[in-house]
Amino acid sequence: MEILSNTLILIRGFACLSAGIGLIRFEDFYQRLHAISKSATLGVFLIYSAAILATPGMDRLPVLILVLVFMAFSTPLSTHLMATAALKCKLPLGSKDASLDSTGITKDLRKDEDSNDHSGDRKFLKLSK
Amino acid sequence: MSVLEFSTILVELGIFMALIRLLMGPNTLDRLAALDLLSFQALCCIGLQAIRLDDPRPLDIGLTLALITFLGTIGISSWAIAKPEVFSQKETWKS
Numbered sequence: 001m002e003i004l005s006n007t008l009i010l011i012r013g014f015a016c017l018s019a020g021i022g023l024i025r026f027e028d029f030y031q032r033l034h035a036i037s038k039s040a041t042l043g044v045f046l047i048y049s050a051a052i053l054a055t056p057g058m059d060r061l062p063v064l065i066l067v068l069v070f071m072a073f074s075t076p077l078s079t080h081l082m083a084t085a086a087l088k089c090k091l092p093l094g095s096k097d098a099s100l101d102s103t104g105i106t107k108d109l110r111k112d113e114d115s116n117d118h119s120g121d122r123k124f125l126k127l128s129k
Numbered sequence: 130m131s132v133l134e135f136s137t138i139l140v141e142l143g144i145f146m147a148l149i150r151l152l153m154g155p156n157t158l159d160r161l162a163a164l165d166l167l168s169f170q171a172l173c174c175i176g177l178q179a180i181r182l183d184d185p186r187p188l189d190i191g192l193t194l195a196l197i198t199f200l201g202t203i204g205i206s207s208w209a210i211a212k213p214e215v216f217s218q219k220e221t222w223k224s
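Heads up: the protein sequence lines correspond to chains H and A, in order. All letters in the first sequence, in the order written, are residues 1 to 129 by my numbering. All letters in the second sequence, in the order written, are residues 130 to 224 by my numbering.
A portion of the hints provided could be inaccurate.
Unchecked claim - EDC-like mimics (lysine to aspartate or glutamate), calculated; alpha carbons at most 16 angstroms apart, straight line:
1) H:K90 with H:E2
2) H:K88 with A:E214
3) H:K90 with A:D159
4) H:K90 with A:E214
5) H:K88 with A:D159
I should point out that these hints are in silico values taken from the structure, not numbers from a laboratory. Model, not experiment: these values are computed from the prediction.
Produce the complete structure using the sequences and hints provided.
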């Protein structure tokens, strides 16, 4: 039981560290959103499971289930709302290779306006219409 | 060094990086994302404290913290969706 809980704690530490590194190193807002949402949810899941395993008594099991269900619903919701807000505010994309083609507004988000590079985007838009 | 201490150091490094992003984020939405991550890591610290004290009671605090964080993030994001011109303008230290 203790070995299992220690393993969960260790994995959780690396998950939180990778969330921080992703928040620092990624270059635009959408990539940062990817880093924080996945790692934070994984970290909270692991730490609550480890806490239930390590502490005496099982009377906090309903709290564990409540937190897990609530996190599983709330994190995708808030991340989706943040991404929608970023698209509304037209935050710029970081690199040239990044694309948000399926939204159809890639041309407005690119920093450098070079119309020759976006022939593929236009083809994709025509196909989708 | 036990596993608990090593993991505490890792999560404190993550908190430090989130604070750096909170200070230098170019946009308000970046700061919102950093605050979101900070609250998740506070939730992790609460779990660590429960393990260290050998007492499951701090886990109830985490439930409330998750709820409040969710409400705050939803609120600021809805504000940004309703008024994008407030958030997309360039920020300066003076204003």
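Cross-check of the supplied hints:
no. : hint              : verdict
1   : H:K90 with H:E2   : 49 angstroms, violated
2   : H:K88 with A:E214 : 9 angstroms, holds
3   : H:K90 with A:D159 : 13 angstroms, holds
4   : H:K90 with A:E214 : 10 angstroms, holds
5   : H:K88 with A:D159 : 14 angstroms, holds
Hint compliance for this structure: hint 1 alone is broken.
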